[in-house]
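Participant: Here is what each chain is made of, one letter per residue.
There are 2 protein chains.
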Amino acid sequence: MILTVTLNTALDITYRVRSLRPHTSHRVSEVAERPGGKGLNVARVLAALGHEVTATGFAGGATGRKTRELLADTPGVTDALVPVAGATRRTIAVVDDLSGDTTQLNEPGPQVAPAEWGAFLDRYDELLPAASAVALCGSLPPGVPVGAYANLVRAARSHGVPVLLDTSGEPLRRAVAARPDIVKPNADELAELTGSHEPLRATQDARRRGAHAVVASLGPQGLLAATPEGRWRATPPARLHGNPTGAGDSATAGLLSGLVEHLPWPERLARATALSAATVLAPAAGEFDRTAYEELLARVAVTGEVSAA
Amino acid sequence: MILTVTLNTALDITYRVRSLRPHTSHRVSEVAERPGGKGLNVARVLAALGHEVTATGFAGGATGRKTRELLADTPGVTDALVPVAGATRRTIAVVDDLSGDTTQLNEPGPQVAPAEWGAFLDRYDELLPAASAVALCGSLPPGVPVGAYANLVRAARSHGVPVLLDTSGEPLRRAVAARPDIVKPNADELAELTGSHEPLRATQDARRRGAHAVVASLGPQGLLAATPEGRWRATPPARLHGNPTGAGDSATAGLLSGLVEHLPWPERLARATALSAATVLAPAAGEFDRTAYEELLARVAVTGEVSAA
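Protein chains in written order, with numbering that gives the first Met the number 0: chain A, 0 to 308; chain B, 0 to 308.
No wet-lab data here; the hints were simulated from the structure.
Misleading hints may appear alongside valid ones.
To be verified - Simulated coverage check for chain B against chain A, where a stretch passes if three residues somewhere in it have a Cβ under 8 Å from a Cβ of chain A: (1) 14 to 21; (2) 61 to 69; (3) 104 to 115; (4) 179 to 187.
Built from N, CA and C at the ideal position, the CB exists for glycine as well.
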């Protein structure tokens with residue numbers, strides 16, 4: 000199974016309103032809820048691709064119970080979340096009917112107590128031996144040490160389990176030094192890590208800092224990968240219109256599935272790019288359109304150079 | 000005990016953000032939750048005034064469980080809510096730190112099945128004999144018949160229990176004809192019911208339609224009452240600055256507590272007006288400031304004429 004870690008899970012709520020106008024009252028015409036936080040999004044896409052997935056991290060309160068109820072309805076994902084006393088955060092996406100634009104409201108995560116963090120570490124150690132790969136995704140809730148991901152990377156590596164990391168800021172900086180197999184920053188996160196706004200240079204720099212492979216997501220421009228086997232750029236066939244929510248998490252799922260299936264890098268990148276594009280095109284945020292995915296997969300351009308052996 | 004009925008209960012959530020800007024992302028700095036829907040607000044204020052209160056209506060889903068958990072923490076209120084399969088709605092009030100202004104997002108209520116409505120009617124009939132008064136408050140969720148309040152008024156009257164009604168539109172129109180003891184519309188609801196925008200004329204007209212007493216809430220101008228004993232106007236001592244959320248529900252609690260304590264109308268109206276004003280002045284939406292209430296109570300002006308016996 001593939002193990003996904005979401006320390007700051009969320010109950011993602013989407014509201015449709017006619018048009019959001021500050022300081023007025025709105026009747027919400029439609030409410031949708033799904034389990035959220037980057038790692039749970041990755042788990043859902045991996046399961047849709049046919050992989051067996053176990054999702055761990057934290058969940059608590061009424062919102063955590065609801066998140067777990069929704070997760071139980073997601074075929075292929077096993078719930079191994081660890082209870083916390085605090086309540087799982089909500090995120091609210093308010094979509095305007097008129098413009099299609101989204102206004103986002105994100106609650107802070109619950110405070111995690113030292114004993115709760117300890118309980119998570121025990122659960123993670125129990126789960127690692129059965130994992131074919133691990134994804135560490137998203138922000139850290141308050142109370143979790145800033146070096147958390149660095150520890151989790153080291154633990155995975157000591158079990159010989161490949162690990163992908165998708166986070167930002169100081170947690171990313173520390174975890175990169177622990178030598179994860181893949182890091183997947185976006186352009187801003189990569190620039191913050193390396194100080195360089197030039198993606199080619201920055202991906203190389205991130206490798207020097209410890210990451211074996213760096214896959215930078217450049218939004219509509221696709222993916223840029225710097226790996227021990229070579230450097231590649233994967234580009235979607237056309238500029239896509241739609242909702243980019245969750246597109247990065249679909250790319251992560253594409254990379255991980257390609258990793259456990261031992262695909263060569265160009266195929267992993269094509270899959271990740273097509274999944275990401277098919278997520279932008281899907282009507283519901285964070286879902287992917289399977290027909291679009293299969294069609295796009297053949298049309299992603301992957302160019303690059305293979306390193307000398 | 001006083002019985003409050005909230006068919007469309009809510010989990011009221013308040014978010015603080017720096018400043019709400021449509022189509023951008025916001026970090027919520029503070030989250031507060033409380034049991035909501037007009038009848039639960041009335042119950043909370045009645046309990047704070049020292050009355051024994053039983054709250055019925057519907058609650059369902061994760062949001063309903065949370066609402067009941069919060070209600071259990073409210074001393075003096077007994078939970079007699081009836082379960083429904085659908086989820087209790089959320090209301091989200093987004094308060095700007097910079098301006099203090101509020102943007103409101105209101106989910107629709109859950110669909111109520113005929114069997115669930117039947118279960119509620121059974122519960123209501125069980126509770127009525129022990130009630131000293133009943134408050135019927137707020138909107139009807141989908142699936143509840145539009146004549147619901149008319150039925151509930153008739154059932155209360157057949158048990159000899161005085162009934163106060165605070166709703167709007169067609170449910171108000173039908174229930175007024177069932178001869179409730181008090182209706183408490185605001186100026187817009189009263190105009191919709193009677194077709195008159197002149198409050199004095201409209202309160203008289205609402206009495207002719209069946210209400211024994213009509214107490215119109217005129218916002219900052221206070222209350223206007225037309226009753227079998229006479230007509231009165233109650234005015235707060237000064238224009239108040241603050242958050243008017245829940246001020247109308249505090250007035251309802253004031254009227255009800257005055258009714259069960261057999262206070263004369265001018266005292267009921269003074270209490271309702273002072274409670275309403277003390278709610279506007281309280282820092283948290285829907286709470287009232289007890290010191291302000293006691294101080295304001297002596298300063299509310301009640302003027303009017305007593306009917307000839």
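Participant: So, for every hint listed, does it hold in this structure?
Facilitator: These are the hints, each one checked on the structure:
no.	hint	result
1	14 to 21	holds (count 5)
2	61 to 69	holds (count 5)
3	104 to 115	holds (count 4)
4	179 to 187	violated (count 0)
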